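Asks: Listed below, chain by chain, are the residues.
There are 6 protein chains.
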Amino acid sequence: MTLIRTFTEGDEITGYYLLKKAEIKQTNAAPPKNYFDFVLADSSGEIPAKLWDVSAADKETYFPMMLVKVQGLVQMYREKPQMKINRIRKATEEDGCKLTDFIKSAPIQPIDLVHIIKQTAAGIQDSECRSVVEFCISKVEERLMHYPAAKAMHHAYYAGLAYHICRMLELGEFVARQRPFLNPDLIKAGIILHDIAKPEEMNAELGIVTDYSLKGKLLGHISLAANWVIEAAIALGIDVSSENIVILQHLVLSHHNLGEWGSPVQPQIPEAIALHYIDTLDAKLQAVEDALDSLPDSEEWTQPLRIIENKPIFRMRK
Amino acid sequence: MTLIRTFTEGDEITGYYLLKKAEIKQTNAAPPKNYFDFVLADSSGEIPAKLWDVSAADKETYFPMMLVKVQGLVQMYREKPQMKINRIRKATEEDGCKLTDFIKSAPIQPIDLVHIIKQTAAGIQDSECRSVVEFCISKVEERLMHYPAAKAMHHAYYAGLAYHICRMLELGEFVARQRPFLNPDLIKAGIILHDIAKPEEMNAELGIVTDYSLKGKLLGHISLAANWVIEAAIALGIDVSSENIVILQHLVLSHHNLGEWGSPVQPQIPEAIALHYIDTLDAKLQAVEDALDSLPDSEEWTQPLRIIENKPIFRMRK
Amino acid sequence: MTLIRTFTEGDEITGYYLLKKAEIKQTNAAPPKNYFDFVLADSSGEIPAKLWDVSAADKETYFPMMLVKVQGLVQMYREKPQMKINRIRKATEEDGCKLTDFIKSAPIQPIDLVHIIKQTAAGIQDSECRSVVEFCISKVEERLMHYPAAKAMHHAYYAGLAYHICRMLELGEFVARQRPFLNPDLIKAGIILHDIAKPEEMNAELGIVTDYSLKGKLLGHISLAANWVIEAAIALGIDVSSENIVILQHLVLSHHNLGEWGSPVQPQIPEAIALHYIDTLDAKLQAVEDALDSLPDSEEWTQPLRIIENKPIFRMRK
Amino acid sequence: MTLIRTFTEGDEITGYYLLKKAEIKQTNAAPPKNYFDFVLADSSGEIPAKLWDVSAADKETYFPMMLVKVQGLVQMYREKPQMKINRIRKATEEDGCKLTDFIKSAPIQPIDLVHIIKQTAAGIQDSECRSVVEFCISKVEERLMHYPAAKAMHHAYYAGLAYHICRMLELGEFVARQRPFLNPDLIKAGIILHDIAKPEEMNAELGIVTDYSLKGKLLGHISLAANWVIEAAIALGIDVSSENIVILQHLVLSHHNLGEWGSPVQPQIPEAIALHYIDTLDAKLQAVEDALDSLPDSEEWTQPLRIIENKPIFRMRK
Amino acid sequence: MTLIRTFTEGDEITGYYLLKKAEIKQTNAAPPKNYFDFVLADSSGEIPAKLWDVSAADKETYFPMMLVKVQGLVQMYREKPQMKINRIRKATEEDGCKLTDFIKSAPIQPIDLVHIIKQTAAGIQDSECRSVVEFCISKVEERLMHYPAAKAMHHAYYAGLAYHICRMLELGEFVARQRPFLNPDLIKAGIILHDIAKPEEMNAELGIVTDYSLKGKLLGHISLAANWVIEAAIALGIDVSSENIVILQHLVLSHHNLGEWGSPVQPQIPEAIALHYIDTLDAKLQAVEDALDSLPDSEEWTQPLRIIENKPIFRMRK
Amino acid sequence: MTLIRTFTEGDEITGYYLLKKAEIKQTNAAPPKNYFDFVLADSSGEIPAKLWDVSAADKETYFPMMLVKVQGLVQMYREKPQMKINRIRKATEEDGCKLTDFIKSAPIQPIDLVHIIKQTAAGIQDSECRSVVEFCISKVEERLMHYPAAKAMHHAYYAGLAYHICRMLELGEFVARQRPFLNPDLIKAGIILHDIAKPEEMNAELGIVTDYSLKGKLLGHISLAANWVIEAAIALGIDVSSENIVILQHLVLSHHNLGEWGSPVQPQIPEAIALHYIDTLDAKLQAVEDALDSLPDSEEWTQPLRIIENKPIFRMRK
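Residue numbers (the working numbering), protein chains in the order written: chain A, 1 to 318; chain B, 1 to 318; chain C, 1 to 318; chain D, 1 to 318; chain E, 1 to 318; chain F, 1 to 318.
Isolated chain A, as found in the complex (with noise of 0.2 Å):
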């Protein structure tokens, strides 16, 4: 099948494709006809497409998140690409698709990444610091085998979450190692609780954050994770005002560092301090490779990225 990061202008495409997006349309013509607005997804990407011809039939069978078999043409339209249909049908199960082998997901199997996290939480050795943590992870834990790590700025796909959570866990503990001033406790807390109260922040599906949550919009995901520590610690009964519960709200309230950036404190403790830029190396550079891995072979410059000043990324020859 050809993934859709390849295609180029004039390919006539046949293959199966999941439909990210399914809306009717009508054209200007007098009387006006109507038409399917898609968008056409798998693993590499996704592209625009429409069906011109739409029959009463055809309004009644294709939906949002279902899988289909295209028959089509990439065009160019206003500088980018898209498909012209010609054809097109549900896939059935005798095709043997599966939904999941057409989104993006995490390089590592979700089953696996959530459990490095909880392996690592069991790992903790203050143990009012690790029965918070393992709260926490108990809050999210099923959400956490799929949520991305954000809308679109970095880790945005199927279990980016739980698989940025873990490569920032190896950076803490190489980071640990090298300045053993550092508890290697509070790293370990710090990562997994940072952005634990994601999912509550977002609306996700298949690794795809639809939109944020009422929650999510009037409190912010640092808060929410503040706010289950406190539910934690009532839960454990420890002291809302031991040192532990403050030490733990305070590496999560100020990991965005700047109060622009969302943090109401700033990192006042070398834990703190350390988790902010992990943090940042980790998404900066995973912004970086995922940019580059889905760029097109024809191209040398990726799209400016937000994440990094809103520079584009030049691909060297190897």
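None of these hints come from the bench; they were simulated from the model. Hints should not be assumed to be uniformly reliable.
[Stated by the list, open to error] Capping the alpha-carbon separation at 25 Å, the derived lysine-lysine pairs in PhoX-like fashion look like this: (1) C:Lys20 to E:Lys80; (2) E:Lys118 to A:Lys80; (3) D:Lys25 to B:Lys25; (4) D:Lys50 to D:Lys98; (5) E:Lys59 to A:Lys80; (6) B:Lys80 to D:Lys80; (7) D:Lys21 to B:Lys80; (8) E:Lys20 to E:Lys59; (9) B:Lys20 to B:Lys59; (10) B:Lys69 to B:Lys25; (11) B:Lys21 to B:Lys80; (12) D:Lys59 to D:Lys69; (13) F:Lys80 to B:Lys50; (14) B:Lys50 to B:Lys84; (15) E:Lys80 to C:Lys33; (16) A:Lys50 to E:Lys50; (17) E:Lys217 to A:Lys80; (18) A:Lys21 to A:Lys80; (19) A:Lys217 to C:Lys80; (20) D:Lys59 to B:Lys80; (21) A:Lys33 to E:Lys33; (22) F:Lys33 to D:Lys25.
[Unchecked claim] If you want the footprint, here are the derived chain B segments under chain C, 3+ residues with CB under 8 Å: (23) 171-178; (24) 264-271; (25) 276-288; (26) 303-311.
In this text, all values refer to a predicted model and were calculated from it rather than measured experimentally. Virtual Cβ for every residue (Gly too), placed ideally from N, Cα, C.
Got chain A; can you put chains B, C, D, E and F on it based on the hints?
Replies: Coordinates of chains B, C, D, E and F only, in the frame set by chain A:
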């Protein structure tokens, strides 16, 4: 008794004052001599003072927050007045001075301010809202009797916090009447809760903030108040995810309006917008009023005030 | 008649509306055909509309700011509703429609608003102040009956400027009573003068700003109002260097608070501080109230509002 | 006579200098002793000086802006030179010193500078423009003979303002010749008017700004000059709304270019753009030239200059 | 021939124009039809154009940068004019058109501009300076004959870069005469070198920048010119650490004044200050002049110009 | 010997220290007396010290960077400790003190650090890259043995620069292993080259930066290192326009990430992104670690650190 704000170069002063600071230092003479570096205060202001001849007994006599009777001369030092003390002694019971007469206070009795706040809370219609607000008041009721609202920016005096809340409640009531689309319960709740955790963020004595607490530095009063809302919900059996709790937290979290001013989220309900601008109006005008109050009669311009873009205020002839 | 803000995709609409825009365009067909690109409006909002078949007579019939009767279908175009017009005709006298019923207006009669403003001016104690304020009102009295306060930010409708001034006067009176150190004359004068030159800065018809005047672009309403104070002084025989004139100009010049918001000087008298924050409170809350008023019942969130840090507002269930 | 800018640690100095400051202070000794805290100045710079033994007669003898003959020693105090005065007396008529020899001045005679400005004004072709410019010159003609252009940023010396205007007129004439699309009348008028109200904004004596006037603080020189244009129009019978008046005000109002630099509107005619950048070029280069002029021969780097992004300037060996 | 800047809606045009863009696209009709999406240009401006009926032969006939004769109609599309082409053919030799007549150019012959630059370089007194400047000119001499100074900001036309340098040299000579403390060699060298590497940073044809080169994106013209100074020093046997080389590099590196504008260091010698502000004055005024030149006679205001704080310019009646 | 960071008010100290500063000043007494204004230092910190009785012989004895034996008393002066010296003498050979024992140093021997850097350079696979890196190392090899990485921000001690590079190389190796899409040669080359010209930018002795060099001020270490890459290319016969040279310069030029932080271009290859964030992580964490190391045991909070948003760091009880 001569008020400190009326001291003029050359004045010979005799009177009772509060020792706000009392440190022993040494001159550069050879051999060096001890002297006392004081700050004298009364309800109108404060002034540095020096006692050049210090006996061994003196060292054991004078300490901060003690009332003394002094006789001395007002001189200019680096363009600011200071007092050269000629005679000093501890004030005794017979002198009939009370500590609280020597500190700057809100113009309304603390007990009346706290009464207004509690009455207003009791008038909140929604019972969940009301009980959360009352839970939070109960955590600081005693400290509301004397805490200032800030270290220096505004309402920085005895019971300044309660006074700030009460004036805001007056303004909030007016605005809610002028604009019936606003929910008066949320206006009241927002005003009472917005700075409620300041007594936990700062350490203060006699209306003077000495420093910030560890929690104050690592979490800040905004997150502390958000914590209390969660604690209240759990204690009162209210779902922490209910709209009431989310909205109350949103009011608290967003009341500084911008991330760079400490709010992790921006106001997104009408009452949160109202809360921020009511807070702003009261704080700025009070800061201006206080600056003019403590301006010597001979001066036309105050010092630059950080709270109003670092500009000084001009006092017009009436 | 169905209000435009309640239009939903698929609605068949028949009713009277105002033609806010009426342009003839051509389709890309070969040969190209003429069509009318309209914007329909009523007091609740506006919607784009298309008339696909345009006769030679039609071209000479439909012009902006005309009332029409239309019959058409509400469709979605680029995720926004627009109307496909099937039938259209000019409204006649017999239809009994009045233009002013179709535009958004202040909720109080303009004549009453202007009366309040003039009464308040007449109540200014200081005779010089009073006569300068009355001189400036007289320059725009007629336009105060219908001018909006801004192009889009706030009070952008018929008599919006006079309404803004009146609500500020209410708030100003409250604040001056709450804080007797403020001079009520200057509060009143500042509120009436602060935006008084907006009708000279902008061109507006029926409460809609069409564009800025040359003077508006090259000088701005702040400097224009400052000019009027000088003109008034000279006309009334008041020394242009007197404290009254300097203070009135200062109130006008500083009311945007910061240089980047258009004020060449920053507020440096208490009444100027009060003026800026009263203006802010009224403008922000009115913008929020208006945005919620025109929000379709089916929606929970407004569009992002530039005036409140580009954030949307959430409408709670009461 | 040794110029102050050539003073070096250890120098024994005898000469005539201006007392720019003369304050009596007291040492910390017991009993405290009086001493004189002076600032000595000449046309090349200034230096703090101390007179440790002060007689009762001395107190009645030395005052600011008086010429004295001193004999003393240059010492380092907190890494800056100051003079310890051994002998001092008032300069007498026989000494033959003139006050104006001791202050920093423009390198061209004030009378010649003002002559150039008036000649240029007289050469403006448009008679309305010309008479407005001449009206404004007449308000400050006498003060143009000695006023500095600023407190410290640039041209901060005797007749600095007139000198700044004249150098800008030279540059403006060149630019208008190089680019004939510019209107030379407006270039001339803009240059003469742009800072014309500075003598009303600041109080200055002998080329030294002592402070800002009340008008200067509350209105600023930009709005003051805009006022004068209106006054001129009314006095001369020109319509205050005519294009000439609007354009002249626009030149004045926009010449600081940005709101945060004090301009309520931004330049929107070619001559306003030219005016701002001619002003900028002259002010920056003059500030650099003056800083190098007063730099001791032994130094290679000036102090950081606020006017050029707070950078110091390096003096190359020629 | 009708100049494009004078095109008005409804004009029937016949004439020769340059095809600046020529892309084949497809309509949404069923079956879709090919059409040509052109941009026509002449020395006065450019306009989009459509050719709706495209034959197979047409596809092989029209390419960018070709001269054509067209007959068509000017229409409004999305509030901007575009041409509907009725007839089109290639221009032939007999038509007597020259490509260079159809592009915007500096008003002085390129050969004269380059001559001025080389003469000025030859007049630099210091032989090291002179030979470094000549080395750098020799790297781009040919491209100086046609390169623009920028993609869009200013001097964006044929030989715009050489023209910019020459006008700056005129201004620089004036300033150096007005202020003898400036070193004329460094003024000349700085002006010639400051943008000398632009032809290496950008790819341009016929005065139009098509894109940035890889070097241009990864290093920028400032660092490229700094490299050339080092190359010159090595080639000419001048010590790379000598003051001459350091100063020449400093002029180049600092000429954008601020880090956020691309300069890694800020100007710290007088000639570097002069260079930056001479560059600024020339670039801003030229951008204004060019914008007014290409403004249709019927318009009073240009588009907002990014180079002058995104403000439009008003054209006065003379 | 008592470490300076453990000095407490009232301590009687006897021990060997380094004279970091030694200036003769005069008291205000009449006649004034000479005294020595010292700064004493050891590897743990520094403290001001005064010697009040100075003989003629003393003046010729004590100079900066000399080891002395002192006996004195720790006192508080303006809330900071300083020492009053009672006895002092030069340290002699018999005392057995070594200068390098008294200065703060990297925790690894300089010779080992330089060895690591050279070994890493030797391991770069691409021969052009490798030889450019080795060329640049050879320019500063000797100074790498002792240069600090900065004046005050981070790694401001003996061999701090080499230590910074080595820790970054460890981190870089980890990141390159974790993310195989990164080119390890470029990570190594970027890390070694990024600050390689700091010894040319700053003058330093014994790990202490005394000031910036002329080149350092006028060009900066970023442009200096870019120069060296060009010099290396020419010396080694590599085309200065080859991708290798462009990429190496890009790594150096972009490593400060933003223009306002000194980078004329922003990172646009993955390894440049990695380089910037590895540099950031190492510099911030080292600054935090060093601040805690030199924090007196009695303190919980460091001074505000400019490198981490001017926040202080809290030291937790382990």
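Asks: Taking the hints in turn, state whether each one holds.
Replies: Hint-by-hint comparison with the structure:
Restraint check for C:Lys20 and E:Lys80: the C-alpha separation of about 20 Å stays at or below 25 Å, so the hint holds. With a C-alpha separation of about 46 Å, the suggested pairing of E:Lys118 with A:Lys80 is violated against the 25 Å cut-off. Distance check on the hinted pair: D:Lys25 and B:Lys25 sit about 21 Å apart at the alpha-carbon level, within 25 Å; holds. Pair hint D:Lys50 plus D:Lys98 holds up; C-alpha atoms about 24 Å apart against a cutoff of 25 Å.
A C-alpha spacing of about 21 Å is found between E:Lys59 and A:Lys80, which places the hinted pair at or below 25 Å, so the restraint holds. A threshold of 25 Å between alpha carbons decides the hint, and for B:Lys80 with D:Lys80 the separation of about 23 Å falls inside it, so the pair holds. The straight-line distance between the Cα atoms of D:Lys21 and B:Lys80 is roughly 17 Å, inside the 25 Å bound, and the hint therefore holds. Simply put, E:Lys20 and E:Lys59 have alpha-carbon atoms about 16 Å apart, close enough for the 25 Å limit, and the pair holds.
Between B:Lys20 and B:Lys59 the alpha-carbon distance is near 16 Å, which keeps this suggested pair within the 25 Å criterion. Under the criterion of a C-alpha separation no larger than 25 Å, the hint pairing B:Lys69 with B:Lys25 is consistent with the structure, at around 21 Å. For the hint linking B:Lys21 to B:Lys80, the alpha-carbon distance of about 17 Å falls within 25 Å, and the restraint holds. Taking the CA atoms of D:Lys59 and D:Lys69, the gap is about 16 Å. The hint holds against a cut of 25 Å.
The hinted pair formed by F:Lys80 and B:Lys50 meets the criterion: a straight-line CA distance of about 19 Å does not exceed 25 Å. For the hint linking B:Lys50 to B:Lys84, the alpha-carbon distance of about 5 Å falls within 25 Å, and the restraint holds. Distance check on the hinted pair: E:Lys80 and C:Lys33 sit about 18 Å apart at the alpha-carbon level, within 25 Å; holds. For the hint pairing A:Lys50 with E:Lys50, the CA-to-CA distance comes to about 23 Å; that is within 25 Å, so the pair holds.
Between E:Lys217 and A:Lys80 the alpha-carbon distance is near 23 Å, which keeps this suggested pair within the 25 Å criterion. At roughly 17 Å between alpha-carbon atoms, A:Lys21 and A:Lys80 fall within 25 Å of each other, so this suggested pair holds. Taking the CA atoms of A:Lys217 and C:Lys80, the gap is about 23 Å. The hint holds against a cut of 25 Å. About 21 Å separates the Cα atoms of D:Lys59 and B:Lys80, which keeps this hinted pair within 25 Å; it holds.
Taking the CA atoms of A:Lys33 and E:Lys33, the gap is near 17 Å; set against the 25 Å cutoff, the hint holds. Between F:Lys33 and D:Lys25 the CA atoms are separated by roughly 20 Å; this keeps the pair inside 25 Å, and the hint holds. A stretch counts as covered by a chain when three or more of its residues have a beta carbon under 8 Å from one of that chain; for the region 171-178 of chain B and chain C the count is 4, and the coverage holds. With a threshold of 8 Å between beta carbons, the proposed coverage of the region 264-271 of chain B by chain C holds, since 5 of its residues qualify and at least three are required.
Here's how the region 276-288 of chain B fares: 7 of its residues keep a CB closer than 8 Å to some CB of chain C, so the rule of at least three is met and the hint holds. Coverage of a stretch by a chain is defined here by at least three residues with a beta carbon nearer than 8 Å to that chain's beta carbons; for the region 303-311 of chain B and chain C the count is 3, and the condition holds.
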